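*Asks:* The listed protein sequences correspond, in order, to chains A and B.
Heads up: the first sequence begins at 116 in the numbering used here, then just goes up one per residue.
Heads up: the second sequence begins at 172 in the numbering used here, then just goes up one per residue.
Derived from the structure by calculation, the hints contain no laboratory data.
Note that the coordinates shown come from a computational prediction; the quantities given were computed from them, not determined experimentally.
Glycine is no exception: its CB is placed at the ideal position from the N, C-alpha and C atoms.
With a straight-line cut-off of 20 Å between C-alpha atoms, the simulated EDC-like cross-links for lysine to aspartate or glutamate are:
#1 B:LYS286 <-> B:ASP363
#2 B:LYS389 <-> B:GLU374
#3 B:LYS227 <-> B:GLU216
#4 A:LYS125 <-> B:GLU385
#5 B:LYS373 <-> A:ASP128
#6 A:LYS125 <-> B:GLU278
#7 A:LYS125 <-> B:GLU374
#8 B:LYS227 <-> B:ASP451
#9 B:LYS373 <-> B:GLU385
#10 B:LYS389 <-> B:ASP363
#11 B:LYS334 <-> B:ASP317
#12 B:LYS389 <-> B:GLU278
#13 B:LYS227 <-> B:ASP244
#14 B:LYS373 <-> B:ASP363
#15 B:LYS389 <-> A:ASP128
Counterexamples of contact, computed for chain A against chain B with all Cβ distances above 10 Å:
#16 PRO173
#17 GLY178
#18 ARG250
#19 SER278
#20 ALA288
#21 ILE311
#22 PHE389
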Amino acid sequence: MRRRPARGRKLADLAVRAAASLAALLGISALVLILFEVARRGLPALDPAFFTALPGPPGVAGGGLANAILGTLALTFAATLVGVPLGMLAGVYLSEFGRDTRLGAAVRFCVNVLMGLPSIIVGLFVWTVLVVPFRGFSGHAGAVALALIMLPVVARTTEDMLSLVPHALREGALAVGTPRWRATLIAFRAARGGLITGVLLAVARVSGETAPLLFTALNSPFWPRSMSEPVSNLTVTIFQYAMSPYADWQAKAWGASLLIMAAVLTTSLLARTFARERVR
Amino acid sequence: MTTRHAHAAEPDRRRPRPWGDPLFRGLTAAAAVLFLALAAAILLELVNGSTLSLAKFGPSFLWSSAWNPVTGDFGALSSIAGTLITTAIAMALAVPMSLVIALFLVELAPPAVSKPVGAAIELLAAVPSIIYGMWGLFVFVPFMSDHVQPFLSAHLGFLPLFKGPPMGIGLLTAGIILALMILPFITSVMRDVLRMVPPVVKEAGYGMGSTVWEVARKVTVRYGVRGMVGACLLGLGRAVGETMAVTFVIGNNHRVGTSLFDAGNSIASALANEFAEAADPLYLSALVELGLVLFLMTFAIQGLTHVWIRHLERSAGRGL
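Let's have the full structure, built from the sequences with the hints guiding it.
*Replies:* So this is what it looks like as C-alpha cells:
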C-alpha cells in the first residue's frame with residue numbers, strides 16, 4: 116500500500132479547508148447581500164402614506180399601498196381559516212388512525228405530491244374550478260388557492276408533531292375511559308409548540324406567494340370591499356409595478372418587497388422560537 | 172331476554188356519547204380523503220382544460236416550436252427547453268455550492284459560527300421567490316449585462332452558448348437567480364443530513380489519523396450520500412416549477428435559440444406572463460396543456476423522490 120507523506124495530506128487538508136470556507140463565505144454573503152439590497156432600496160419607499168393611502172396614478176409621486184396590505188392580510192387570514200383546520204384533521208387521521216393503512220399510505224403520497232406541486236399549477240387549477248364557472252376573478256378564488264398550498268404543509272407537520280408524542284400519554288388517557296377524540300386533544304396539547312410552528316411556517320409560505328394569485332385574486336387599485344371581486348394584494352402589485360416603466364411604481368415595488376420579506380422573516384423567526392419551546 | 176337487554180344498556184351508561192369517536196374518526200378520514208380527491212381533481216381539470224389543444228395538436232405539441240396566438244399555432248418546445256435549461260443551470264450551480272456550505276457548517280466551522288449561520292440559512296429558505304425576482308431584475312440583470320456576459324463572450328465567445336448581445340436578461344440569468352433561490356433550501360436539508368451522521372463513525376476516522384478533509388470526503392459524504400441525493404431531488408422539484416424568480420428575468424420569448432444569452436421562457440413563466448391576458452379558447456387551452464406538462468414533470472420528480480426515500484428508510488439499518 117502506498118502512503119502519501121503526512122505533509123502532503125496536511126497541505127491538501129489545509130487547501131480544501133480554506134477553499135471550502137471561502138466558498139461558503141461567498142455563498143452566504145451573496146444571500147445576505149440580497150437582503151441588504153432589498154432593505155436599502157425598500158426603506159425610502161416606506162413613508163406613512165405607504166401604509167395609509169390608496170395607490171396614485173402612475174408617474175405621480177405619493178400615494179400608498181394600504182389597500183394591497185389590507186388585501187394580503189385578508190387573503191392570508193381567509194386561507195388560514197380554511198387550510199389549517201382541514202390540514203390538521205387530515206394530519207390527525209394520518210397519525211392516529213391511518214398509520215399503517217392503505218388509505219393512509221395513499222393520502223401520505225398525495226400530501227407529498229401536493230407539497231411539491233408548483234404554486235402556479237394550484238393557481239391554474241383554482242382558475243378552472245372557481246374563476247371560469249363564476250365568470251370572474253375573486254378574493255374567494257385567491258384565498259382557496261392559498262389554502263390549497265397550506266393544506267399539505269399543515270397536514271404534514273401535524274402528523275409529524277403528533278407522532279412525536281409518546282404513545283404512553285394516549286394509552287394512559289384511554290385506560291381511564293377517555294374517548295379517543297379527547298385523548299387526541301391531550302396529544303395536541305403536548306405537541307402544541309410544534310403545531311404552532313407548523314401553522315406559522317405555512318402562513319409565512321403563503322403570505323409571500325404570487326403565482327397562485329395571478330389568475331385567481333388578480334389585483335385591484337381599490338380598497339378590498341368584498342371577497343367576490345378581485346382583491347388587491349402586495350405580491351401581485353410588486354409584479355405589476357416592477358414590470359412598469361414608472362420610477363415611483365418601481366420604488367413602491369421595492370417598499371412592498373421589503374414589507375413582505377420582513378413579515379415572512381419575522382413569522383419564520385417566531386415559528387423557530389415556538390419550535391424551541393417544543394424541545395424544552 | 173331481560174339479561175341481554177341489561178347488557179346492551181350498560182355501555183350506554185358508562186359512555187354517554189358513543190357517537191363521539193366514530194364521528195371524530197369519520198371527520199378526520201374525510202379530511203384525509205379530501206387530499207386524494209384534490210390530487211385527482213387537479214389532474215382531471217388540467218386534462219379537461221387542455222382538450223382543445225390536445226385534440227388540435229396531439230403529441231406534436233411537445234416538440235413543436237411554434238407559438239403564435241394570432242394564427243392559433245402552439246407548441247411547447249421553447250417552454251419545455253427553457254424549463255429544462257434553467258433548471259439544469261440552477262442545479263449545476265446550487266448543488267456543489269450547497270454541499271460545500273453544508274460541509275463547512277457541519278465539519279469545519281466552530282459551533283459559534285455554524286449555529287447562527289445555519290439558522291440564518293434556514294430563514295433564507297423562507298424568503299419568497301418574488302424577492303429574488305425583484306433583486307434579479309433590478310440589481311443582477313445590469314450586473315450581468317455590464318460584466319458577466321461581456322466577459323463570457325470575450326473569453327468563451329467561440330461557443331454558440333455564449334453568443335449574442337449582452338442584454339442581461341435571458342436563460343443564463345434566470346438559471347443563476349434560480350440557483351440562488353434554491354441554494355438555502357438544498358443547503359439546509361443537506362446540513363440536516365450531514366448532522367445525522369453518527370459522531371462515532373467520524374471519530375473512528377480521526378482516530379486513524381485522518382485529516383478533516385479526509386473524514387469529510389471518505390466518511391461523512393459517503394455516509395450521507397443517499398440523503399443528499401434526496402435533498403437534491405427536493406431542490407429539483409422546487410426549481411422546475413418556480414415561477415416568480417424566473418419570470419422577472421427570463422425575457423418571455425418563445426423563439427428557440429442556441430445561446431444562453433437569448434431571452435426565453437419556462438412553462439411557469441409563460442403561464443405567469445400570458446395566462447391573464449389570453450382570451451382565445453385555443454390559446455387558453457394550450458397554456459393549460461403547458462400546465463399539464465409541468466404537473467407531470469413535477470409528479471415524476473415526486474414519484475422518484477418517494478421511491479428514493481422509501482429505499483432509504485428500508486435500508487436505514489445499514490446507514491443513513
